[in-house]
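Enquirer: Each chain is listed here by its residues.
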Amino acid sequence: MEYGYYPGCSLTGSAKRLDRGVRQVCKKLGHSLTEIPDWNCCGALEYGNRNELLSISGENLTKAQAMCKEIVVPCPACYKNLKDADSDKSFNILSPLELLNAENLSQIEQKRDLKDKVFFPYYGCLLMRPEGSAIKNKNIMEDTISAFGGDVDGEKMKDRCCGGNQLFLNKWVTEKLSTLILGKSKGTVVVFCPFCHMAMKTFAVGRKVIYLTDLLLYVMGENKSL
Amino acid sequence: MNEIDHEIIFKYTGYRRADFSVCLGCKICASVCTVNDLELNVNPQELLMKLFVGEIIEGDHPLVRYCTSCYRCASACPWQIRIPEVVRALKESLGIEARFEKAFKKCINIWGRVYEPFVVVMAAPDLLKGGYIKYMPKWMEYAGFHLPHKVKRVSSSKTSKGLNPTEEGRS
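So the protein sequences, as listed, match chains C and F.
So the first sequence is numbered by the numbering used here: it starts at 1 and just counts up by one.
So the second sequence is numbered by the numbering used here: it starts at 1 and just counts up by one.
Among the hints, a few may not be true.
[To be verified] Simulated crosslink set (DMTMM-like; lysine to aspartate or glutamate; CA at most 25 angstroms straight-line):
id, chain 1, residue 1, chain 2, residue 2
1, C, Lys171, F, Asp37
2, C, Lys176, F, Asp37
3, F, Lys106, C, Glu52
4, C, Lys171, F, Asp5
5, F, Lys105, C, Glu35
6, C, Lys171, F, Glu141
7, F, Lys11, C, Glu52
8, F, Lys50, F, Asp37
9, C, Lys117, F, Glu141
10, F, Lys150, C, Glu52
11, C, Lys111, C, Asp88
Since the hints were made in silico from the structure, they are not lab data.
Please model the entire structure based on the sequences and the hints provided.
Expert: Structure representation (C-alpha cells):
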C-alpha cells in the first residue's frame with residue numbers, strides 16, 4: 001500500500017529513532033511511505049490562534065494534494081492538527097498505530113518473543129483525545145504486546161497526562177505527573193509520542209522507555225536488545 | 001496585570017460568545033482536569049463563565065499557567081468545548097508566553113519548521129536557570145543534527161473556513 005508520509009519536526013530531531021522505526025516497520029509490513037515534499041511545521045500545541053494553526057497545517061495538506069489521499073502521521077500532535085485542518089475529510093490521515101491490526105501482526109515474522117517481560121503501554125493524551133481526532137482502536141499497543149507473548153501492566157494510567165507540554169515551561173509539573181504515572185505501573189514503558197518519550201525518559205529512574213517501533217523491531221530480530 | 005480583550009479570545013478560538021452559554025455548569029471538566037492532580041484546585045468551567053460574562057482573567061491564573069493541553073476536559077464535556085484552546089488563546093492575547101514558546105514560533109516564522117537546536121539556544125537563559133542541563137545527556141541519546149532548511153510556503157486552499165469547534169462537536 002502506498003502512503004504519503006508527514007514526519008513532523010520532532011521526528012527530524014530528538015525523535016529520530018521513532019522516524020527510523022516507523023519507516024522500517026512500514027517497510028516490513030509492505031507499506032511504501034513517500035515524504036510530503038517541503039512540508040512545514042503543523043503548529044504543534046503552541047499556537048493560540050486556532051485559525052492560524054489550521055492554516056499552517058492546511059498548507060501541508062495542500063502540498064500533499066497532488067501525491068496522495070492517505071497520509072501516515074506518527075507524531076500525535078501533528079496527527080491531531082492535520083485531522084483538524086482536514087475539515088472536509090478529503091484525506092485519510094492515519095497514525096502508524098492504525099496500520100497495525102491482527103492481520104498485519106500475524107504477518108510479522110516473529111524471531112523473538114516477549115515471554116516473562118512486563119510492559120506498560122502508555123498512549124498519553126492526543127492519541128486518545130479529543131474524540132474527533134483520536135485513534136479508533138484504543139488497545140492496539142496492548143494487543144501488539146500480547147500477540148508476541150508480553151505481559152501488560154498499568155492499564156488505568158495509559159491515557160493520563162505526562163505533562164510533556166509543560167516540560168520546558170514548568171518542569172515540576174511534568175515531574176509530578178510523570179512520576180505519578182510511573183509509580184502506578186510496572187515494567188518497560190512503551191510510548192508512541194515524542195512528547196511522552198521525552199517526559200518519561202527524563203523522570204523514569206531505573207525504567208526503560210522505548211517506542212513501540214523499537215519493540216516491533218526487536219520481535220522481528222532487527223534490534224538486538226530492548 | 002494585562003487586561004484581555006474578550007473578543008480576541010473568541011476570534012482566536014473560533015468560538016462565539018453564545019457558544020459558552022450552552023455550558024451546563026456540570027463541572028465535569030473540573031473533576032477530570034489534570035491541573036487538579038497538581039493540588040492546585042482549578043475549575044475550567046469558572047474560566048469559561050468569566051469569559052462569557054466578560055470578567056477579567058489574570059495571567060497568573062493556575063489554569064492559564066499550568067494547563068497541559070491534555071484535552072481531558074474537552075473529552076468529558078457534554079458539548080466538547082475545547083478548553084485547552086481557550087487557554088492557549090488567553091496566553092497569546094495576554095502576551096505571557098514563555099521564552100520557549102516564543103522561540104518555537106519564531107523558528108516557524110523564519111524557516112517554516114522547528115529546529116530544536118535553535119529553540120534550545122533561544123530559550124537557553126530559561127533552561128539554564130531551570131536546571132535542565134543535567135537532563136541533556138538523556139535527551140541527546142537519539143538527537144540528530146540537521147541544518148536548517150527554509151520551507152516554501154504555499155497559499156493554502158485548506159484554511160479554517162470559519163470552522164466553529166462547538167458546532168463540530170455537536171455534529
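Enquirer: Against each hint, give a clear statement of whether it holds in the structure.
Expert: Verification of the supplied hints:
1. C/Lys171 with F/Asp37: At roughly 15 angstroms apart (the allowed maximum being 25 angstroms), F/Asp37 and C/Lys171 satisfy the hint.
2. C/Lys176 with F/Asp37: holds (9 angstroms)
3. F/Lys106 with C/Glu52: Status holds; Cα separation ~14 angstroms.
4. C/Lys171 with F/Asp5: Distance of about 30 angstroms is beyond 25 angstroms: violated.
5. F/Lys105 with C/Glu35: Since the Cα atoms of F/Lys105 and C/Glu35 sit roughly 23 angstroms apart, the hinted pair holds (cutoff 25 angstroms).
6. C/Lys171 with F/Glu141: holds (20 angstroms)
7. F/Lys11 with C/Glu52: holds (11 angstroms)
8. F/Lys50 with F/Asp37: With Cα atoms ~23 angstroms apart, F/Lys50 and F/Asp37 stay inside 25 angstroms; holds.
9. C/Lys117 with F/Glu141: Holds - the C-alpha atoms of F/Glu141 and C/Lys117 are around 24 angstroms apart, at most 25 angstroms.
10. F/Lys150 with C/Glu52: holds (19 angstroms)
11. C/Lys111 with C/Asp88: The hint is violated at about 43 angstroms.
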